[in-house]
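Each residue of the sequence shown is one higher than the one before, starting from 1 at the first, in full-length UniProt numbering.
These are computed hints drawn from the structure, not numbers from a lab. Just so we're clear, the structure is a prediction, and the values are computed from it rather than from any experiment. One thing to keep in mind: the hints can contain errors.
Distance ranges between label pairs, derived from CB positions [said to hold, decoys possible]:
hint: 1; residue 1: G33; residue 2: H63; range: 41 to 51 Å
hint: 2; residue 1: A30; residue 2: G104; range: 37 to 47 Å
hint: 3; residue 1: C53; residue 2: G104; range: 35 to 45 Å
hint: 4; residue 1: H38; residue 2: T72; range: 50 to 60 Å
hint: 5; residue 1: G32; residue 2: D89; range: 26 to 36 Å
hint: 6; residue 1: G33; residue 2: M67; range: 51 to 61 Å
Virtual Cβ for every residue (Gly too), placed ideally from N, Cα, C.
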Amino acid sequence: MPQLSALPSSGFTLTKEHFVVAVPVAVVAAVGGFLVSHYLSRRSCKKGQVNTCINKDSPKVVHSFDMEDIGTKAVYCRCWKSKKFPYCDGAHTKHNEETGDNVGPLIIKKKDA
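Take the sequences, apply the hints, and build the full model.
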């Protein structure tokens, strides 16, 4: 049997048969390890709530505004962190810096006539 490589002082030689067995075992172990870690990480990750403090006693937070009441411009929060919710107070800036997110406000304004 041809010798593929040898460790000079150990007397251990790797033959083609060693590779034929070792490579599939290593591939199966790597794929199995990946699948197990992926499964465990998905199980342990709890989906977080976006709204952490606004109207928590309500089953659904809904706000409605009449266009006539908006005036010329209204700026609404989309990060759920504003102290003036549903209006934006700029809290998304700190949130974006801390998390790397890119959320910003919803701005509604009347067209210039």
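Need the list of violated hint numbers for this structure, in ascending order.
3 and 5
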